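Peer 1: Starting from the structure of chain A, add chain B with the ligands where the hints point.
Which chain is which? The protein sequence lines are A and B, in order. Counting in the working numbering, the first sequence runs from 1 upward without gaps. Counting in the working numbering, the second sequence runs from 1001 upward without gaps.
Honestly, the hints are just simulated from the structure, not real lab data. Given the structure is predicted, the values throughout are model-derived calculations rather than measurements. Misleading hints may appear alongside valid ones.
[Claimed, not checked] With the Cβ distance kept under 7 Å, some of the chain A side facing chain B (calculated, not the full set): (1) L85; (2) V93; (3) V96.
C-beta atoms are modelled at their ideal positions from N, C-alpha and C, and glycine is treated no differently.
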Amino acid sequence: MTSQLEIKNLHVSVEGREILKGLSLTVNQGEVHAIMGPNGSGKSTLAYTLSGHPKYLVTDGEVLLNGENILELSPDERARKGLFLAFQYPVAVPGVSMANFLRLAYRSVHGNPSKPESRREEVLSIPKFRKMMREKMAMLKVDESFATRYLNEGFSGGEKKRAEILQMAVLEPEIAILDETDSGLDIDALRVVSEGVNLLRGPKLGLLVITHYQRILNYIKPQFVHVLVDGVILQSGGPELALELEEKGYESLVKGDSHV
Amino acid sequence: MPARRLARSGIRGLYWVSETPSVCTITTNFLRFRGVKFRGRFKQAMTQALSIQTQPLVSAATVEQISNSRNEPAWLRKARAEAWAVYEQTPMPTLNDELWRRTDISTLKLDRLSSAFDAPSATPTQSVDELPEGLKRMLDVGEAEAAGYLAQVDGGAMFNWLNDDLRAQGVIFTDLETAAREHAPLLRDYFMTSAVPPTYGKFEALHGALWTGGVFLYVPQGVKVALPFRAGIWQQTARAGLFPHTLIIADAGSEFTYIEAYGSETQPEPAMSDHAVELFLKEGANLTFVTLQNWGRHTYSLGAQRAMLDRDATLQWVIGTLGSKVTKTHHEIFMLGPGSTGNIHGFYFADANQHLDHHTQQDHFAGHSTTDLLFKGVLKDKARTIYQGLIHVHKNAQRSDAYQANRNLNLSARARADSIPGLEIEANDVRCTHGATVGQVDDEQMFYLRSRGLSEAHAQRLIVEGFFEPLMDRIPLESARVKLREAIQEKLGAF
Ligand SMILES: Nc1ncnc2c1ncn2[C@@H]1O[C@H](COP(=O)(O)OP(=O)(O)OP(=O)(O)O)[C@@H](O)[C@H]1O
Ligand SMILES: [Mg+2]
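Same shape as in the complex, but just chain B:
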């Protein structure tokens, strides 16, 4: 871990400080470093020491520092450097860009973010007991069985476990840094090459330059796994900029479920997660992929997710968004092989001042492929949501069948939901349907429930739960459903 004696600042041999300011917070009266308070002269000295060593997270130096600290092979170093170059060449998205028209990202101050990947919180552990409580809860540790666990804090791999039988069958479930060392050929083919390349956009390029930690899951040909793989991504260090990455390769005929959750406690200072998800489903593979986001309300959640489906592959994709201050995520499915099927079920619940913007795209490149997408959202208070979706059937994708729907339930006159469905069809023998609605709670439903003795709040809760219920059925794990219901109830307010 790159740490340096504070010799230069005049405090000899007393304390260690990491090269990034991530583990320090400076307040007006004192400086706190690893739980110790410093005042006066010491504070000044420490602050100086930190400012000498402080380097912005978003910088070429950090890119190099990550490569150095991880002893990365030449190809990965090069990949980072290239991603950084793309980042520098790509303009920051503005309200003039079609996909960013309703989300103003200029409030995100990248230069105030710190790197957290070498913070003590990101130190590996052998025991789940040492994981932060919130992360443990998210992972259902001790409640539900799993094929494997992977837990990350502040972009560092903290805990990893995989069932021995599966390991013997060739399953790989590890962090990406380890995978880059141990499974380089696989990674070189798939990692940010075709699904989410750095050229995807400004934040994807940044991701390619600064990612750490990461999840790599490979399930070999024909291997079927009944229990789900679980991953939990947690943020703890103040002002952290995280770059979580998930790369999953479902080899031909494999069948399994993967559930990942992002989360943190709400903190006073803004943080960012700029994630990427890359899913590859080979011929006949059957993957259930569940991604749940419940960041604290201080977080900008950005990211791109893309699934690539070969012939006869089936993807059940569940996307849940409850947390964050601002969310702007892309979710795309590429139907590359005939007979492939993608069912995409998204839900979001925005309250207070949350701003949640989802963009989906169903790209049919091969014919005889089917996608079915349903995004449902509930809004409360002064929340704002955007759903923008596109079905794109390419020229040769005859006999494609695509469905897209977005339904919103608005509980407040001050909240606003925008829904922008879209179709682009280049083939002539296809079936495409889309639809969007924004509605309020039905007065007659409300009266009916209240006439049975339910208070207004209870009735509203039932209606909202009922609205989400069909999506809950898609979540393959009871313990995860229970948690989601709790989160929804929490949003609705205590009774």
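Just chain A, same shape as in the assembly:
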């Protein structure tokens, strides 16, 4: 069965203020969707809400992952069901090494406690995990020192973004949300990271790429582009919509109450 993320009429408030005002969107495994929209329109709010951040209060609507409502699930349960969020602003956790953290995360997501003798032991042995991690680091051209460095601590903006994609590569989610992964990356890094994401692309991964710039979409080619304005999807279209937006800006869309 293929995975599917289905967002229906989602209303979300933060600190008493409604940010998402009836947003609907469906992402199937194997598809790439891009979301563009002005600052403050609610893109990160959508990303956080899908991941289960406790600050974001869902007042109406549903989010289904493979038909199951995930809004009642904790963030870790959602992750174990195959959801991944690459943060716009990754959080530093001092004293926790990336390698140690990722191994624990991998074990949480892929380990099956009810079948201890299964494939798990093999995959989760420390040397095997290290090998797998090193391969993914090489693929994303992430320096080896990252494995022993503390999680996001002292990472440059671009390094943090790269580290997010490394985590995604290791954890192998079914639905991934990339929240402005491109911002903060230099031109070369953008190419490397995008190529890395493309290697992960395939029939098993559904991608939701949040961005302000068309450039990343040249690498990670979306089938669908959505424009989020003031808490709703104002318009959806193909890749050409991103180009049009880049040229004309959001103003034109908002004013000419156009073609939804």
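Peer 2: Chain B with the ligands only, in chain A's frame:
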């Protein structure tokens, strides 16, 4: 060993009993003595015998008894008697004393403690195999190499070993009782004379009167030792009052590491450890001193530790506190020579009803000296911690550089951390910084970790481990680090 036939009580020639009740426990139904149960008439007789011979641990008679049983030389006898006199003259600290304001010691019943130093558990052995399991584990026996081992149970020296090459180079690593016999001149100069004299305080005076066992480590001039010296101090006999003492002299230019650990299994009845640590670093000496406390939850852990640094000496000092019911310890560093450097790293993790109170003092007497102190603590449940620190730069200590920080991570709304940093500066050309924080687990860190699939408990564990991690780097032995991590995980709860 002072033992007496139970002739007086009417049971002739049957059993031996020590003059202290330390090896007996009396319960309502029967009396157990060395594993044998007594009921009825026998119980009554035994109880009588014991009460005849019972004498409180904290008494002038015990002081004398220790001196007699060890055949102590006159100077040591005198030192004990003088310490006892100071003890008697010094009032018990109360909540009105500045350094005791947040720790109520009145719950400690000194008259219920027993002496344990002549208990069978404190009998010397030639084999590490005979040490209590917990003590063996603490010492990493068979896991890590060491320059020497010293193990003590209930205030008696049980096991001692020193590498032969080091012995040939003049290194001394033995218990203090032996050192008092074999190295009297050294001991007379250093033992409780300047670092922790009996006049330091009520419990230090008591310590001076009642200490037994003890650790003495002397490393001669220029001797550098790569492997660590290890000491393990264990309590086993119920209601024991222990007085562990560590005296280390690092002679000029010497370089070595010493790791000591205090521990016991939790017991139903309260026990006490009233310890003293005296460190002397001569010119250019370089000492790494690690002290880890993991007493059972029945223990009052009191003590004073002071390091004296001469010119260009360097001390790496790691202090770890995980165990005990109540801890109240002083940790002081005296910068006596220019160019001396002290790095002090403390950590504590308090859970349940633990009450851990650390007091530190950085005393700069000489200029161009540097101290850098960081104490980090985690609290859980209904725990209470106190950190009180003082940087004192004396008049002539120009160009001193002192740093002091205390950071607390509070995992529970019912726990409370007090942090009282302090500065007293009499010189005008110095650099001093201090800071204190008490914080909770960061929600955004928590969410970030959980969004990767880690359960709340796992995420919390990672955050706490991460909080302590920079201090772990300071512990010079992998096996000790592993044990500490295990202890921390145990405190966080099983997953
Ligand atoms: N945790 C929060 N607390 C308070 N307000 C918030 C919070 N998160 C979002 N908001 C508010 O919700 C609105 C939408 O924010 P959001 O971060 O979702 O925008 P965005 O589309 O991601 O913007 P950007 O392009 O700048 O990243 C903003 O007005 C923001 O101030
Ligand atoms: Mg955003």
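Peer 1: Hint by hint, say whether it matches the structure.
Peer 2: Each hint, compared with the structure:
1. L85: 6 Å, holds
2. V93: 5 Å, holds
3. V96: Check passed: Cβ of A/V96 comes within 4 Å of chain B, closer than 7 Å.
The structure agrees with every numbered hint stated previously.
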